[in-house]
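> Residue-level listing of the chains:
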Amino acid sequence: MVPTFYYLILSAVLFTIGAVGVLTRRSILIIFMCVELMLNSVNLTLVAAARQWGNFNGHIFVFMIMAVAAAEVAVGLAILISHYRLTGSTDVSKIHLLKW
Amino acid sequence: MSWPILFFILVGALSIATAVGVVSSRQPIHSALFLLVNFITLAIMYVSLEAQFLAAVQVIIYAGGIVILILFVIMLMGSEDVPVDRIDSSWASIAALGLGMLMAATLLYSFMADFLFQAEPNTLAGGAPYAIGMTLFTRYILAIEMVAILLLVALIGALLLARGPRTGPKTGAELHAEEEEADAAGTTIPYVDDETTVMAAAE
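First to last, the sequence lines map onto chains W and P. Note that our numbering numbers the first sequence so that position 22 is 22, with each residue one more than the last. Note that our numbering numbers the second sequence so that position 79 is 1079, with each residue one more than the last.
Since the hints were made in silico from the structure, they are not lab data. Take the hints with a grain of salt, since some may be wrong.
Claimed, not checked - Partial list, derived from the structure: chain P residues whose beta carbon lies under 10 angstroms from chain W:
#, residue
1, S1025
2, Y1062
3, I1074
Said to hold, decoys possible - Simulated restraints, written as ranges between beta carbons of each label pair:
#, chain 1, residue 1, chain 2, residue 2, range
4, W, I65, P, H1030, 51 to 59 angstroms
5, P, G1172, W, N57, 49 to 57 angstroms
6, W, L97, P, I1005, 49 to 57 angstroms
Stated by the list, open to error - Covered stretches of chain W (chain P as the covering partner; in silico rule of three or more C-beta atoms under 8 angstroms from a C-beta of chain P):
#, stretch
7, 18–30
8, 42–48
These numbers come from a predicted model, not from an experiment. Note that beta-carbon positions come from the ideal geometry of N, C-alpha and C, so glycine has one too.
Bound-form chain P, shown alone (with noise of 0.2 angstroms):
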């Protein structure tokens, strides 16, 4: 056996073994340092596979960004709430065998598929930013905007999703249409200037 295959084994065994313990953890934190180790065996992977590029991406974005993220709504939430055991539907062991041989089928067909007797894979030239960035920006230029619109979006979206009830301080408007409502009730607003009042009236 030669080193590469064995070394993609290894890789290998360590990313299927990372993905068992993500679905399997108790804990969610154990699951998102999983999911860490998991992203990373993938972008050695990607390095295997000549793209350089794309296992730099993968570790910024995936195990920089999202992994983070996702420990950060662990912190936020705290995880002794967060059930453990296991969903008892009658439909979610059949869907499991359903994927199962569908996973069967996938791997037969990628044992019998016409490319296995392809002498050689093709070698890229690169999976080099420079060849990756030509692309990119001439030919699909289009969807790089697209791509730049929906992190908007997300942004946008993430923002208002995630802002609680808001618990500051009044804004101008708020307090002179209450004013203009004590007017009307004949009523005066009691003073406040302590913060904690405030808050404490806010909710």
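For reference, chain W alone in the conformation it holds in the complex (with noise of 0.2 angstroms):
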């Protein structure tokens, strides 16, 4: 049997990779796909808790989140074609009629 600190080692790397990829790219497409990378690392390590422990409270955890995750691409991604309508880019650097 996989020891449960492989599963959390992985999850951190993936975590990270998806950090660093919203951190560094510039197409809001692509810093979404990282979003959803970083909900997922954290889902695996929701699981590999839930082993650990023999605890299903886990597997409803993740389950709540991949809900969410669900309804939270249908939102971005409907920001994200009307705001591409609107200006025709997906550049987040050039998304700063908020900033001071």
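Join these two chains into a complex; the hints should help.
See the structure below:
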């Protein structure tokens, strides 16, 4: 049986890759995918912990996170499309209307 | 090295490689396909963690729903306009350094944590749909109801946000208001029944 900390390490690496993507890429779409990556790495942590402690609650949490992620993707992509329709660009560094 | 660990390392390496692919691809469509493979490797991980139900849900929701949605958006926008170069802000490198240190600390902690020295992880009675469903629909029934409301709100919100300017034929109320305006101004509305003229007039 694979020890739990292997999963934790994999999850930490995936989360860091996702965070680096969010910080360094300029396309909103790719930032979006990196956010999904981070959510998934957290899910992996929760499932690994659920097996470690023999408790189903982690699975329930993962299920809820998946539902929230699905809702977030739908609304986020809708915002992205309407923004693209207005400006014709997906570059986050050009979205600075509320920036001082 | 035992077979499960070898299998874990293979799938984990694939997972990390595809995650790097998501971040570093120049084409967003390649990113989306890498993301798909990454989701599938995570589903395999869930199976190896005795969470079969979550593995199925992962494939259905993420691989089947979210990636398709992202691909549709890429198709709608066209990929030629997506910027590929890196952001050049000073704080990004500092933040990346901080995150790297945080990750190193987390790894160290997970190496040193107490449960490492437990002999065996507990075995679940199966992450089968029956056990999950019993927990979900008894103890967490309120959370399920709230997720239902959340999904409804997200549905309506996405519809409202993604709906563009309306270009179809006018409603009766709008036509009536126009007629009244025209009457007040003493002019008449030119009659159009060709749909293209209606569209052109709307634009």
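> Does each hint fit the structure? Answer for all of them.
Against the structure, the hints:
The interface hint given for S1025 of chain P is met, as the beta carbon of that residue sits about 8 angstroms from the closest beta carbon of chain W, less than 10 angstroms. Satisfaction of the interface hint for Y1062 of chain P is found here, the shortest Cβ-Cβ separation to chain W being roughly 7 angstroms, below the 10 angstroms cut-off. A least Cβ separation of about 7 angstroms between I1074 of chain P and chain W falls short of the 10 angstroms threshold, and the interface hint therefore holds. At about 26 angstroms, the beta-carbon gap between I65 of chain W and H1030 of chain P misses the expected band of 51 to 59 angstroms.
Here the CB-CB span from G1172 of chain P to N57 of chain W is close to 55 angstroms, well matched to the stated 49 to 57 angstroms. Evaluation of the 49 to 57 angstroms hint for L97 of chain W and I1005 of chain P yields a pass: the beta carbon distance comes to about 51 angstroms. Evaluation of the coverage hint for the stretch 18–30 of chain W: fulfilled, as 11 residues show C-beta separations to chain P shorter than 8 angstroms, against a requirement of three. Counting residues of the stretch 42–48 of chain W whose beta carbon lies closer than 8 angstroms to any beta carbon of chain P gives 4, which meets the minimum of three for the stated coverage.
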